[in-house]
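K.L.:
Chains as they are written, first to last, in the numbering used here: chain L, 625 to 944; chain W, 625 to 944; chain F, 58 to 386; chain B, 58 to 386.
Because the hints were derived from the structure by calculation, they are not lab data. Errors might be hidden in some of the hints.
[As the list claims (entries may be wrong)] Chain W is nowhere near these chain F residues, computed Cβ spacing over 12 angstroms in every case:
1. L65
2. E80
3. F86
4. L105
5. Y106
6. A160
7. I170
8. R241
9. P243
10. P363
11. L384
[What the hints assert, rightly or not] With a Cα cut of at most 20 angstroms, we get these calculated SDA-like pairs of lysine to any residue:
12. F/K367 with L/K884
13. F/K367 with L/T935
14. B/K367 with W/M657
15. W/K757 with F/G135
16. B/K367 with W/E943
17. B/K367 with W/C891
18. L/K757 with B/R113
19. B/K367 with W/R863
20. F/K235 with L/M657
21. B/K367 with W/A711
22. F/K367 with B/P202
23. W/K884 with W/R863
24. L/K757 with B/F109
25. F/K367 with L/E871
26. W/K757 with F/D82
27. F/K367 with L/P933
28. W/K757 with F/G183
29. L/K884 with L/D900
30. B/K367 with F/G183
31. F/K235 with F/N167
32. B/K235 with B/N100
A virtual CB, placed ideally from N, CA and C, is assigned to each residue, including glycine.
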Amino acid sequence: MVMPDPLDLYRRMLQIRNTEEQLARAYRNGEIMGACHTYVGQEAVAVGVCAHLTPQDAVFSTHRGHGHALAKGVPAQAVAAELFGRATGTSRGRGGSMHLFAPEVGMMGTTGIVGPNILQATGAAYAFQLLEKDEVAVAFFGDGAVNNGAFHEGINLAAIWGLPVLFVCENNLYATEIAFAYAAGNPEVATRATTYGLPGEAIDGNDVMQVCKAAGAMIERARQGGGPSLLECRTYRTRAHAEGMPEAGYRSQEEVDAWKHKDPIACHRAYLLNRDLATSDSLDEWEAASVQAAVDAMEFARTSPWPDPATATSNVYAET
Amino acid sequence: MVMPDPLDLYRRMLQIRNTEEQLARAYRNGEIMGACHTYVGQEAVAVGVCAHLTPQDAVFSTHRGHGHALAKGVPAQAVAAELFGRATGTSRGRGGSMHLFAPEVGMMGTTGIVGPNILQATGAAYAFQLLEKDEVAVAFFGDGAVNNGAFHEGINLAAIWGLPVLFVCENNLYATEIAFAYAAGNPEVATRATTYGLPGEAIDGNDVMQVCKAAGAMIERARQGGGPSLLECRTYRTRAHAEGMPEAGYRSQEEVDAWKHKDPIACHRAYLLNRDLATSDSLDEWEAASVQAAVDAMEFARTSPWPDPATATSNVYAET
Amino acid sequence: MDDTAPVLSFTEAARAGLTEEMERDPSIFVVGEGIGPRGGNFNTTLGLYERFGPRRIRDTPISERGFVGMCTGAAMVGARPVVDFMFLDFILDAFGELVNQTAKIQYMSNGRIAMPMVLRGCIGVGGSAATHHSGNYYPFFAHQPGFRVVAPSTPHDAKGLLKTAIRSNDPVLFLEHKLLMATRGPVPTAEYLEPIGRAKVKTVGDDATVVAVGAMVQRTMDAISTLEENGLHIEVVDLVSIAPLDIPTILESVAKTGRLLIVDEDYAPCGIGAEICVRIVEEGFDFLDAPVARLNGAYAPIPYSPPLEKALVPSSENIASAILDLLAQ
Amino acid sequence: MDDTAPVLSFTEAARAGLTEEMERDPSIFVVGEGIGPRGGNFNTTLGLYERFGPRRIRDTPISERGFVGMCTGAAMVGARPVVDFMFLDFILDAFGELVNQTAKIQYMSNGRIAMPMVLRGCIGVGGSAATHHSGNYYPFFAHQPGFRVVAPSTPHDAKGLLKTAIRSNDPVLFLEHKLLMATRGPVPTAEYLEPIGRAKVKTVGDDATVVAVGAMVQRTMDAISTLEENGLHIEVVDLVSIAPLDIPTILESVAKTGRLLIVDEDYAPCGIGAEICVRIVEEGFDFLDAPVARLNGAYAPIPYSPPLEKALVPSSENIASAILDLLAQ
Ligand SMILES: Cc1ncc(C[n+]2csc(CCOP(=O)(O)OP(=O)(O)O)c2C)c(N)n1
Ligand SMILES: Cc1ncc(C[n+]2csc(CCOP(=O)(O)OP(=O)(O)O)c2C)c(N)n1
Ligand SMILES: [Mg+2]
Ligand SMILES: [Mg+2]
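Given the sequences, and given the hints that come with them, work out the whole structure.
P.N.:
This is the structure in structure tokens:
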């Protein structure tokens, strides 16, 4: 397994963070509608996993999918434009935050329904095995999806047929405000792998290097015909469940602050500096460039045309 | 926990076996229609579990439910008449083999769909807890249901709320002809309890005394507010999946014969004789009486009236 | 209607009805995601967790099939569950439980097992909720025997119908359109129940009958206000009950007007408008001076972008011109 | 039709079509319970496991939601799954996947992701299969945008339509009525495809039009044979395609006869008969000399006992008298 350049991982996490900070602002301005779930605090997971994927590998994401889309290589402009509802968006404004599709880079969708993406990733892996391709599929999902039947059925199917798929559970402790410790009879996810007969591992999801190592090994294993794995990334979302939602007092300020001190970008910055892989000046420059790119992406979206209402019913069927 | 009288257990197993042998004959004669799944070889499970239940306790069964209905106290005549499609059947002929309802004795239904009964038993237990009743609920299901989302969601809900329900998996190694070892990433069921945080135990499902002990302890625990448990009974169906279905060569004659040697009724007969709890003469008498009762039940069904077609659309709604 | 009655929002009125019933009957409990301390994504249970505690106001994992099947079993032994789906779209993961179990057990048990169960959720297009949070789905439940389905359009009916739904021994879908939840109206303080299965005539007229569903009722009222200035008298009927349908009320109106338009945000094919049309054709063909007309949402998944979303749903302008087309026939 | 063509059963014809397509395209695979070595509960895949191996003929656990969601993902990256449900009733556990994912992804991805997927299963009332193995359900899929739905009534159409369904880039429901599976008819050996969306006129007549679905087609043919002896000429239309509907063919017939009866075993409310009625009213009101009539299965879950089961489904006598009632109007 080749480990990706730690600097690239840093740049990618910055891109996600800064793009989402801008998206959050745009939401407050009323430029983004519907529900907008940010990935702030969890960037290390998407970046560490997707660093090992080719554009032909297939990612199936959740309602909290901006980070997965960006990490998989969807341009920030296209993501921003989609959330602004513009014709230049990934789905020309049809989808919005929870329906990001960019098959040209293997981003096979985010979903507004919890669960289905686990099954679809299993299916993409089925197709890759059937058609004897080298590609792998990845499903990202939250702790909330673990109590859903889709988790149980999808992982079992992947296990019995040895499919090339990686199941990445981003355990951020809550499903909206419902604690996983309340919703699940067992607070662990990775150990459930034994129930399905596949390898499982729990890691610090805020440490991008750790994510990268664990995911890299599991993806390589899948690519070489070794079958599926379950990776539990322990992480935390530091913003509200969705933009504009109050923090209804389901978690303590201490808990939030403790996790903010474990911010994946700050931690990785320290890692780079400690190992003299970068200077703080260069990292500050990237930061500034990243912010500017994010601002530009918003401007691109803001100035893009609205979709033509006459197109509202196209593509319902392939044959039309 | 009071252990039931071993002689009663024997009588009840005999009743199930002989009733089903007669039902199988009636099926061959074309007196029973649709699909008819016998319980032959698994009688110890229903009898050992239901021995601890009151008529107010709720049992939710499967497509293979004749044994559960009889063990729960549904008269053989009513079961036979239902399978004969007669007005004297448990549902006046509406249901047939896979839709046996006798709420008056706590038999809350068999189902033609795999899975739902696990959830319904969880729900009955929810109601018992809410209404502060002493009753418990029991779900019987096969190994095939273990790979279904209903198993995952139902057991988790029961576990997190500590509901008074017993989950009894009758692992007879096959779902129709599909081996559990093929269909599940992990051939064990009881050990999955740890995934949901409830107690689990695997036992010899052909030993009625063993079933009785294990189920008794779990039911008592549930009744006293100790929450749900998962009991895996390793057993075997010695007849075809459904009457009239060929044995498509998915299991070897040796395997079938080996299990026939572990027949739960023969084993329990030996147990009774070894401990001088009965004489072979008395057991032979019961056997004869049991066969006669089964034959009488068929005759009752055969001579019962057909339901009135004018009633075919009643009771679709409560308010009509 | 009593003008001295306090004015409540649709959601407040429904919550008042739920609270009254829960006070009255301890066997009622509510399950759903976020309905506990948070009080529901749409405030459907605000304050009720504190009042009734965790066993009666129960936060659930994301196990829609699980808790629907669970509530089916709870109803079978005498409890009265209310399932709060937040968005009704999530009900589809429990469709097998509902169609094969919840809807059939009364019949299969020959009426010996009752099925008192309420299934409530937010429906409809609006606010760029996009395709996974904008569904209507009610024709599914109107087609399958065993369900009752209501879609109130006023706070008054929301309260009265939710109380009736909770007391019903049949499974009842109680549908709350996202654009109606914040609308306000008078709600009597004295207890009352609204019957399931009755439509309501909102305005009397003899030029044409317009039957509207849910959020389309107010939109139709807006549409006819302009027409009335031109001396057209339209009889607007709020369908209220989707299953069973109140055909007599519609028939009576059509007998007078000879013309019928059904305005329904939901998809046309095999929809509620089709069923109303065929019933009127079967029972009142000779009343019809013109073909029955339907105005529905366009036949496509619901998009996110406002101009696209808007293009799919009947506007008051669309409704007005559909009425004029009908009158021109 | 070619009389020298070999005679096959409905199931054999469909299997021949499946086999031809699988030979042609290695990206096609089938999943289901018992479809492997056993060859399918209804012999839908008999011999195909030996021919195509376990990856293309895949036995599954009892995970309907799981393998439908899986096949949706497989289709998204270029495979062509065929889901064999055995009994279509089991599809309901996957309804959320189908309605919210399978049916919507082409649209949500702006047509950049195709959804070539066939969903096949046994439908209908018969043989005391009882309420969990007798459903029809097709109006659900006709209401929701994104699906194609066909219900062939002959071996010829079964083969031609299954081949077309497999080649389609849309999700197609291929419905096989349990009473039709063993029926036999001529099936050309030369390759052919039947188009989705076309109804077929079975008998020409000008007294009335009867549109029948699936197993009701033959029953309607039986019914009119008696009427023809009395000099009545009924035009029988085999609907074949439930979504999309072939309205032009029906309209052309009604233009001639002025009378329309729809015979459908499935439930009436929001059913296929309602949709056909409203379409004809919308597009051919002036052709109608009498109200459009529907004859449906009774509105109740399907019971087990033969006399009850029989009472719920239209018989050829029921059909004949419904036609006479229509002519008397
Ligand atoms: C089937 C379904 N039920 C409910 C919802 C509403 N919902 C959206 S996000 C969410 C919580 C998801 O929690 P988790 O899976 O842990 O992901 P996180 O939000 O923590 O990233 C819920 C309940 C949904 N989208 N789908
Ligand atoms: C949801 C669903 N899918 C498929 C079927 C068809 N079916 C009936 S019984 C059965 C096998 C069940 O196996 P298991 O649960 O092990 O019970 P057993 O027959 O061994 O007692 C299957 C697949 C069904 N009834 N329900
Ligand atoms: Mg979470
Ligand atoms: Mg089994």
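K.L.:
State for each hint whether it applies.
P.N.:
So, going through the hints one by one against the coordinates:
no.	hint	verdict
1	L65	holds, 28 angstroms
2	E80	holds, 16 angstroms
3	F86	violated, 6 angstroms
4	L105	holds, 15 angstroms
5	Y106	holds, 15 angstroms
6	A160	violated, 9 angstroms
7	I170	violated, 5 angstroms
8	R241	holds, 32 angstroms
9	P243	holds, 29 angstroms
10	P363	holds, 36 angstroms
11	L384	holds, 39 angstroms
12	F/K367 with L/K884	violated, 41 angstroms
13	F/K367 with L/T935	holds, 12 angstroms
14	B/K367 with W/M657	holds, 14 angstroms
15	W/K757 with F/G135	holds, 11 angstroms
16	B/K367 with W/E943	violated, 25 angstroms
17	B/K367 with W/C891	violated, 45 angstroms
18	L/K757 with B/R113	holds, 15 angstroms
19	B/K367 with W/R863	violated, 31 angstroms
20	F/K235 with L/M657	holds, 15 angstroms
21	B/K367 with W/A711	holds, 15 angstroms
22	F/K367 with B/P202	holds, 18 angstroms
23	W/K884 with W/R863	holds, 10 angstroms
24	L/K757 with B/F109	holds, 18 angstroms
25	F/K367 with L/E871	violated, 32 angstroms
26	W/K757 with F/D82	holds, 16 angstroms
27	F/K367 with L/P933	holds, 8 angstroms
28	W/K757 with F/G183	violated, 45 angstroms
29	L/K884 with L/D900	violated, 24 angstroms
30	B/K367 with F/G183	violated, 46 angstroms
31	F/K235 with F/N167	violated, 38 angstroms
32	B/K235 with B/N100	holds, 12 angstroms
Going down the numbered hints, you'll see the structure goes against 3, 6, 7, 12, 16, 17, 19, 25, 28, 29, 30, 31, while the others check out.
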